[in-house]
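Visitor: Listed below, chain by chain, are the residues.
2 protein chains.
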Amino acid sequence: MPRRSSKATIAEVAQRAGVSPATVSRVFNARFVGRSDVAERVRTAAAELAYTPSHLARSLALGQTEAVAFLVPDLANPAFQTILSAMSKTAARDGYRVLVADSAESPDDEPLLASQTRRRCDAIVLCAPRMAKEKLLALADQLRPLVLINRPDPGFAVPSLSIDYRSGIARLAEHLHQLGHRRLVYLGGPPNSVSDHHRRQGLTDFERRHGDVVIDRLAAGAAIEDGLALAGTVRNSGATAALAFNDLVAIGLLNGLGRLGLTVPDDISVAGFDDIPFASFTTPPLTTASVPHAELGAAAWRRLCQTLRGQPADGDELFPTRLELRASTGPLPS
Amino acid sequence: MPRRSSKATIAEVAQRAGVSPATVSRVFNARFVGRSDVAERVRTAAAELAYTPSHLARSLALGQTEAVAFLVPDLANPAFQTILSAMSKTAARDGYRVLVADSAESPDDEPLLASQTRRRCDAIVLCAPRMAKEKLLALADQLRPLVLINRPDPGFAVPSLSIDYRSGIARLAEHLHQLGHRRLVYLGGPPNSVSDHHRRQGLTDFERRHGDVVIDRLAAGAAIEDGLALAGTVRNSGATAALAFNDLVAIGLLNGLGRLGLTVPDDISVAGFDDIPFASFTTPPLTTASVPHAELGAAAWRRLCQTLRGQPADGDELFPTRLELRASTGPLPS
DNA sequence: TCAATTTATGAAACCGCTTTCTCAGCCGGG
DNA sequence: CCCGGCTGAGAAAGCGGTTTCATAAATTGA
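Line order of the protein sequences matches chains A and B. Per our numbering, the first sequence starts with residue 4, numbered consecutively. Per our numbering, the second sequence starts with residue 4, numbered consecutively.
Errors might be hidden in some of the hints.
Copies of the same chain look alike in the list, so a pair counts if it works inside one copy or between any two.
The calculated lysine to aspartate or glutamate pairs, modelled on DMTMM-like cross-linking and capped at a C-alpha distance of 25 Å, are [stated by the list, open to error]:
hint, residue 1, residue 2
1, K136, D77
2, K92, D125
3, K92, D112
4, K136, D111
5, K10, E43
6, K10, E137
7, K92, E228
8, K138, D77
9, K138, E51
10, K10, D144
11, K10, E69
12, K92, D77
13, K92, E69
14, K138, D111
15, K92, D111
16, K10, D112
17, K138, D270
18, K136, E210
19, K136, D112
20, K92, E320
Quick caveat, the hints were computed from the structure, so don't treat them as lab data.
My request is simple: use the sequences and hints to build the entire structure.
Guide: Written as structure tokens, this is what we have:
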């Protein structure tokens with residue numbers, strides 16, 4: 004009887020079955036072509052020893068771990084959770100697992116965190132909206148295979164998946180404009196956020212089309228508290244409608260305004276961005292630009308998978324958003 | 004010039020520095036005690052070759068991967084997200100990464116998914132509220148080191164971390180009782196859920212203390228839709244207050260009741276469970292039992308870490324909940 | 001000054017699996 | 001009947017590190 008405590012190795016199975024380790028390996032990897040009684044003997048021996056191949060050793064020999072990493076700035080954000088969830092499920096179908104890393108919104112730690120995490124797996128999906136471009140460029144090579152989220156930039160020879168924030172927010176603004184709003188306020192995202200920059204570009208596009216509109220830009224952030232904190236400022240801004248960086252900020256704002264005694268949308272309209280699962284359950288339900296996060300997660304895995312298999316990877320992809328008109332936006336207060 | 008494409012190995016660094024691989028290994032692991040110029044030569048050579056030790060090879064030699072797994076029934080649930088987030092951050096501080104696996108609420112797939120995932124890392128945290136006890140028992144041994152969440156059961160010689168759902172829901176019921184409610188309805192969780200069972204026990208405890216109370220038990224589920232779907236049933240039940248399996252169900256119910264024209268808490272009180280981040284931002288803000296998910300996540304890592312280091316692991320832990328009284332519960336309608 | 005230690009470094013085994021290469025043994029054909 | 005071509009299975013060389021053990025050099029003490 005072999006030592007009970009430790010796991011059985013391929014050599015032990017081989018010995019017990021009276022064959023070589025090579026044969027055991029072949030049986031377990033469906034590369035075995037010999038007599039079927041030999042295969043049966045191997046399987047029996049393996050079962051008796053409760054043998055499980057060491058994934059680690061296998062990975063080393065094969066040169067691949069069957070795991071990929073996903074680095075996000077904040078795992079607490081439902082948007083990233085949806086991406087993660089979809090990516091994890093899709094990858095699991097191909098036998099891959101995903102390793103998560105949360106940079107806790109601190110761009111300075113991201114390079115180290117990313118490269119450390121990347122070393123343990125075959126590829127990485129990087130969502131680093133605030134990392135400086137030059138740092139990202141320097142990193143890109145050592146991280147490859149790599150897929151970037153929301154960093155559409157021809158400077159990197161890296162497939163990227165991005166949300167069309169620019170036109171999405173412009174369409175939200177158009178919607179407000181049609182409702183009669185002329186004074187808007189934008190609650191911006193975290194400093195240096197690339198995706199915030201895209202939204203601001205969208206707002207500028209919108210302004211160019213409508214000379215009669217004024218948009219106030221505020222610095223908020225990405226969390227509920229950021230929206231909550233700015234409720235007073237928004238009220239005093241004179242704007243009749245607010246566009247938030249994302250749904251979290253919008254939800255915070257919605258609550259803050261409520262606490263100030265304002266009614267949405269009668270006193271002021273509020274729109275978010277992302278369409279997180281809760282957006283339809285706020286009071287009033289939140290008008291927002293719906294982002295296909297699950298599709299994004301699945302697409303991220305597809306890209307990685309192509310690269311890992313040596314297939315030519317699809318190019319950059321820009322995901323459109325869908326306007327989700329709900330009750331938090333309404334006609335201009337009379 | 005060595006082949007550019009592939010990564011440098013320890014042997015190449017050794018050759019370039021004119022030392023043996025053993026020395027390079029020692030330098031990189033701070034076990035080096037020799038002349039400092041030798042160490043410097045090694046570091047220079049490594050830098051020139053952009054050498055990064057293969058985590059895989061290191062893991063194989065060391066017998067540990069510095070990764071742990073986390074298996075959840077549904078990654079889309081904010082409660083699990085918070086646990087994951089906390090666990091991931093805590094583990095990262097010790098250089099560990101976490102591997103996620105989502106069983107998509109299908110208990111049948113869990114054993115396979117768990118053991119496959121477990122093989123790739125050093126330990127696993129299992130949250131499988133619906134897996135049959137005998138299956139779990141059979142699994143436990145091959146999964147060890149293992150920490151169970153919400154499966155406090157002396158049958159397993161496995162550390163477990165659990166939420167005190169039983170007394171938590173009883174206290175919520177007490178709260179409603181004090182407000183004058185005598186007819187309650189409970190929107191139960193998924194079938195065979197252990198944590199649902201605990202909640203039901205808590206309700207029974209409560210009933211025993213108060214002969215004047217009637218509690219209707221409904222089968223709901225764990226998601227927003229489940230609460231939403233039952234709004235009509237709840238209204239027709241004649242109950243003046245509803246206790247939901249969790250906040251998601253409560254939020255769904257809140258919305259469903261609103262659509263039916265009922266006002267919470269004037270017409271009916273609603274309480275949730277978990278205190279997910281959104282619970283304080285619903286309308287009205289949700290009364291709930293606050294669960295320390297982040298602490299739970301951190302504690303899970305601590306347990307694993309102790310076991311991995313061979314220290315005696317702390318025993319089972321039962322996390323108390325904190326009553327979070329908000330505006331969704333109010334006095335009995337007059 | 002020389003033996004006894006201590007110290008810095010390298011050779012080699014090992015972690016557990018995959019895979020190439022090699023070689024018996026068996027087949028049929030001439 | 002003998003030989004070349006197949007075939008099934010094993011030996012061994014990796015994968016890229018770590019670590020034990022041995023050894024040559026340096027240090028110490030008498």
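Visitor: Checking an output row: K136 and D111, CA cutoff 25 Å. Within, between, both or neither?
Guide: within (12 Å within a copy, 46 Å between copies)
Visitor: Is the C-alpha distance from K138 to E51 at most 25 Å within one copy, between copies, in both cases, or in neither?
Guide: between (53 Å within a copy, 19 Å between copies)
Visitor: Can you tell me if K138 and D111 fall within 25 Å by alpha carbon in one copy, between copies, both or neither?
Guide: Cα proximity of K138 and D111: one copy only (10 Å, versus 45 Å across).
Visitor: Between K92 and E228, at a C-alpha cutoff of 25 Å, which is it: within one copy, between copies, both, or neither?
Guide: between (31 Å within a copy, 21 Å between copies)
Visitor: Taking 25 Å as the upper bound on the Cα-Cα distance, should K10 and D144 be classified as within, between, both, or neither?
Guide: between (38 Å within a copy, 12 Å between copies)
Visitor: Please sort K136 with D112 into within, between, both or neither, judging by C-alpha distance up to 25 Å.
Guide: This pair counts as within: shortest intra-copy Cα distance 15 Å, inter-copy 42 Å.
Visitor: Could you place K92 and E320 in one of the four classes (within, between, both, neither) given a Cα distance threshold of 25 Å?
Guide: within (21 Å within a copy, 31 Å between copies)
Visitor: If the cutoff is 25 Å on CA atoms, where do K136 and D77 land: within, between, both or neither? Let me know, please.
Guide: Answer is within; shortest intra-copy Cα gap is 19 Å, inter-copy 35 Å.
Visitor: Checking an output row: K10 and E69, CA cutoff 25 Å. Within, between, both or neither?
Guide: Answer is both: 21 Å inside a copy and 18 Å across each meet the 25 Å cutoff.
Visitor: When Cα atoms must be at most 25 Å apart, do K10 and D112 count as within-copy, between-copy, both, or neither?
Guide: So K10 and D112 pass the 25 Å test across copies only (24 Å; inside, 38 Å).
Visitor: Go through the copies and call it for K138 and D270: within, between, both or neither, with a Cα cutoff of 25 Å.
Guide: neither (45 Å within a copy, 57 Å between copies)
Visitor: Since the copies are identical, ignore which copy is meant and state whether K92 and E69 lie within 25 Å (CA to CA) inside a copy, between copies, both or neither.
Guide: Cα proximity of K92 and E69: in one copy and across copies (14 Å, 23 Å).
Checked against the numbered hints above, the structure breaks hints 17, 18 and satisfies the rest.
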